[in-house]
Amino acid sequence: MTLAEIAELLGASLQGDANRQITGLATLGSANEQSIAFFVNPRYLTDLKKTRAGAVLISAENVSHAPCDALVCQNPYHAFAELTAHFVSVPTVANGIHPSAFVASSAVLGSGVVVAANASIGDNVVIGDNTIIHSGVVVEANTSLGSDCRIYSNVSIYHGVKIGDRVTLHSGVVIGADGFGFAPSANGWKKIHQLGGVRVGNDVEVGANTTIDRGALDDTIIGNGVIIDNQVQIAHNVVIGDNTAIAGCTGIAGSTHIGSRCTIAGRVSIIGHLTIADGIHITAGTLVSKSLNTVDSYSSGTPLEKTIDWKKNAVRYSQLDKIARRLSALEKKIKD
Amino acid sequence: MTLAEIAELLGASLQGDANRQITGLATLGSANEQSIAFFVNPRYLTDLKKTRAGAVLISAENVSHAPCDALVCQNPYHAFAELTAHFVSVPTVANGIHPSAFVASSAVLGSGVVVAANASIGDNVVIGDNTIIHSGVVVEANTSLGSDCRIYSNVSIYHGVKIGDRVTLHSGVVIGADGFGFAPSANGWKKIHQLGGVRVGNDVEVGANTTIDRGALDDTIIGNGVIIDNQVQIAHNVVIGDNTAIAGCTGIAGSTHIGSRCTIAGRVSIIGHLTIADGIHITAGTLVSKSLNTVDSYSSGTPLEKTIDWKKNAVRYSQLDKIARRLSALEKKIKD
Amino acid sequence: MTLAEIAELLGASLQGDANRQITGLATLGSANEQSIAFFVNPRYLTDLKKTRAGAVLISAENVSHAPCDALVCQNPYHAFAELTAHFVSVPTVANGIHPSAFVASSAVLGSGVVVAANASIGDNVVIGDNTIIHSGVVVEANTSLGSDCRIYSNVSIYHGVKIGDRVTLHSGVVIGADGFGFAPSANGWKKIHQLGGVRVGNDVEVGANTTIDRGALDDTIIGNGVIIDNQVQIAHNVVIGDNTAIAGCTGIAGSTHIGSRCTIAGRVSIIGHLTIADGIHITAGTLVSKSLNTVDSYSSGTPLEKTIDWKKNAVRYSQLDKIARRLSALEKKIKD
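Chains R, Y and G, in that order, give the protein sequences. First residue of the first sequence? That's 1 in this note's numbering, and the numbers climb one at a time after it. First residue of the second sequence? That's 1 in this note's numbering, and the numbers climb one at a time after it. First residue of the third sequence? That's 1 in this note's numbering, and the numbers climb one at a time after it.
Just so you know, the hints here were simulated from the structure itself, not pulled from any lab data. Model, not experiment: these values are computed from the prediction. You may find that some hints are simply not true.
To give a feel for the contact side, a few chain R residues facing chain G, derived at Cβ under 10 Å [to be verified]:
#1 16
#2 19
#3 21
#4 24
#5 46
#6 86
#7 172
#8 229
#9 242
#10 247
#11 309
#12 321
Computed footprint of chain Y on chain R, listed as stretches where at least three residues anywhere in the stretch have a Cβ under 8 Å from a Cβ of chain Y [unchecked claim]:
#13 35-43
#14 61-75
#15 114-127
#16 191-203
#17 293-307
#18 322-335
Ideal Cβ placement from N, Cα and C applies to all residues, glycine included.
Could you put the whole structure together from the sequences, leaning on the hints where they help?
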């Protein structure tokens, strides 16, 4: 593409050589004359000044720092995201149903559906138009997938799951396994069979090896536009509101309801039966042990220290209540 | 089923219409006239009073609050668990060995064994009667599975693993991968080949994407009746006693021995070479850094706070030892 | 093997019966007369004195405690690691390409490559000599694997990934899934397509269900000799230096660079865009929230306590800043 074509695509204002050929996107540091880079974060200003990029996506206020051609736009990061869609090339999978795949005769596949080698599609499964099922994927009976989905290799989807349109599931994702429901009894644990399903909305992306359990009675629900990173665990009957983002290694215990537009950082743990309001932010590594009703950012944990210092302070943590009582006693003594 | 039939099944006392038809189980909030719900937790009392359920499983002491027919039983939660087994319907997988599956000629399969599409069963594998192997499962050579097991799609079981009867493994489970054993050397890490196996008892359930490594020399051992949730990591030579329950995202490092009937909440981390006695409880998010010999509940971590408050307190954590020393100095000064 | 043969193999000095037949390795506690055990950790001295092992790998300074034949060596643990390679027996997988596997006609396979049942190898994939691909593995288009690799069952490798020689990937590993890149917009999250790949060096081992994402623009890079345990999450554009070891359940967020020879314990969380210098150690459960430039051991978290005590202390944590201010006020008052 030429810079002029890219400028038109993005609605950006071009400063420089309209005919420059661009063959790819790159970071400021690794770009060459045929690459386009982007500048947003001021801490990369040095990289910007030294960049060998052919052009840069940049805001009007920063354009004076660009040592190269510039595409001036209101939101360079958004423009960059837009542009990645034009340069991505996921290799195509051969059309149609591969001879080594198994598709039950009662399954109903839309037009343009691809089922790659050694995938398995169960009884009464319904798959919408243009959905691509990679190798080794298993879709169990009575499940439906919408159109324009991409289900990467070795994903496992249990029976009775409903997945919307334009959903991406990365490899190793498991949707619809039994929730962890057992009643104690004199003879050990008695299984509570999980009678609910899972409903996943439209425009959802789920990262590699993430698990989303089926509900005990009602369904587990993932709203529209939700984005979930790798190795996230979502237990039975969790409900996640539209456009919430959940970073890697986060776990959400059973029956917790999370609002819309929340941003949950990595390695967060949220215990069960809580309600988290819309728009809440939770920082990395936090244990959420109570419901959150007020829009704010929440945290827990202790700061990083050298182990030798940490040990001394950690010992004092176990004495904290005593320390606080001693302080109160001292205050009283002095007051008296 | 009629209410009378359900009452007989559960040994419950029926108050209401013996001929009422029940077609499913539901929560108090979502039930209709053909559903049966259950009431245990007092915080759902409002839901109970408003429920449209046809009937409710309830204890004698609470039955006066029920606005509908009631099945009075000693342990409504247990009765509910019992009843789920009668209403669950996991779709059947076609009998026998699917043509697209691979079963080694030396494998020995019991009567009623199902091997679904694109599963792979290695040399000398032994599988007991009525065990169901879903699509994409791989069982490597010399491994044995008992009878009445259900191995969900895309499970991976390595060679030389022994699995008991009535075991459920959910999708993505990996059993028997190498433990993380390496000796440091001048040329980097030298692999300690893992010569042990894994033994899993009877009546065990393992959640999606959980991993249980093979032992270095001796076997890794999972007792009878153990229940394990999703994304749990169990390292080499861990031993877990009968009927212990382990919730999601918990990790147990190598050679740690855990007793029977322990209840380990989600996102617990237990370091290696420890001994945890029978019946111990560990709360969510706890790091267990020493052996536990006394039956009790154990915890670590800090409470949830708004990030702005948390930052102030977290800074003080790094000063805790100094704070404690200053307090002691002050106490001494005043005493003097 | 005889003890004499083992002594020669390890360059150890033999004290005892040169003709003793050794059939396996075992721990001090479980060994019998035909087993060889090893002694390194002084806390197993009692086990050493009681062992029924035929022989023991031991250092010169400890050999007087051995109640059996001894192979005296400088580093018994290293010798033990060496010996495991001679006693390990992973069952062989049938040679060549299994008829139920799919290998694209454009794929180029070296000599001695094994592709087991129901594996799938995409277009233009290149696989080096003697690499073994277990059942259910999926390798997408344009990816290359070196020679002498072992890829265990149900691994998923995306397109455009480069993997070196002598690499072991355990079951459920996912390499090359999209990094978690999305730009906020008025209509929800806009995907940043991930245009980079993943490069994995030589002599790398990756544990079960670990995920390594592809880069956004540049590649995610795993150096030579890196060892990674189970359920580790490595986000896009992470760079890991040679011979670093990462234990189970650790997560590393995007664009963080980790040096060589670091040892990162289990359940560590490292936030994004940090730099961790060579040789740093991080203890289990630590949240790393800043770059680390000085070689040392680092930690965070609070010690394990009985829940009843922990609750009292945890409440005080939320008051820590106030406690510190009260102490300062008191110090000032007394000074005045």
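Hints versus structure:
Proximity of residue 16/R to chain G is violated relative to the hint, the smallest CB-CB distance being about 21 Å (cut-off 10 Å). Because the smallest distance between the Cβ of residue 19/R and any Cβ of chain G comes to about 24 Å, over 10 Å, the interface hint for this residue is violated. Residue-level restraint check for residue 21/R is violated (minimum Cβ-Cβ distance to chain G is 18 Å; threshold 10 Å). Checking residue 24/R against chain G: minimum C-beta separation of about 7 Å stays under 10 Å; hint holds.
Because the closest C-beta pair between residue 46/R and chain G is about 15 Å apart, greater than 10 Å, the hint is violated. The criterion of a C-beta within 10 Å of any C-beta in chain G is met by residue 86/R, whose closest approach is roughly 9 Å, and the hint holds. A distance limit of 10 Å between C-beta atoms decides the matter here; for residue 172/R the minimum to chain G is near 5 Å, and the interface restraint holds. A least Cβ separation of about 4 Å between residue 229/R and chain G falls short of the 10 Å threshold, and the interface hint therefore holds.
The restraint placing residue 242/R at the interface with chain G holds, with a minimum CB-CB distance near 7 Å, inside the 10 Å limit. This hint holds: residue 247/R has a C-beta 6 Å from the nearest C-beta of chain G, less than the 10 Å allowed. This hint holds: residue 309/R has a C-beta 9 Å from the nearest C-beta of chain G, less than the 10 Å allowed. The interface hint given for residue 321/R is met, as the beta carbon of that residue sits about 4 Å from the closest beta carbon of chain G, less than 10 Å.
Chain Y is given as covering the stretch 35-43 of chain R, and this is violated because 0 residues of the stretch bring a CB closer than 8 Å to a CB of that chain, at least three being needed. Counting residues of the stretch 61-75 of chain R whose beta carbon lies closer than 8 Å to any beta carbon of chain Y gives 0, which falls below the threshold of three, so the coverage claim is violated. Remark: the stretch 114-127 of chain R is confirmed as covered by chain Y, as 5 of its residues place a Cβ nearer than 8 Å to a Cβ of that chain, reaching the required three. Taking a C-beta to C-beta cut-off of 8 Å, the stretch 191-203 of chain R contributes 5 residues in contact with chain Y, enough for the three needed, and the coverage statement holds.
Check result for the stretch 293-307 of chain R against chain Y: holds, 9 residues qualifying (beta carbon to beta carbon below 8 Å, three or more required). Residues of the stretch 322-335 of chain R lying with their CB closer than 8 Å to a CB of chain Y number 6, which satisfies the three-residue condition for coverage.
In the structure shown, a violation is registered for the earlier hints numbered 1, 2, 3, 5, 13 and 14, in ascending order.
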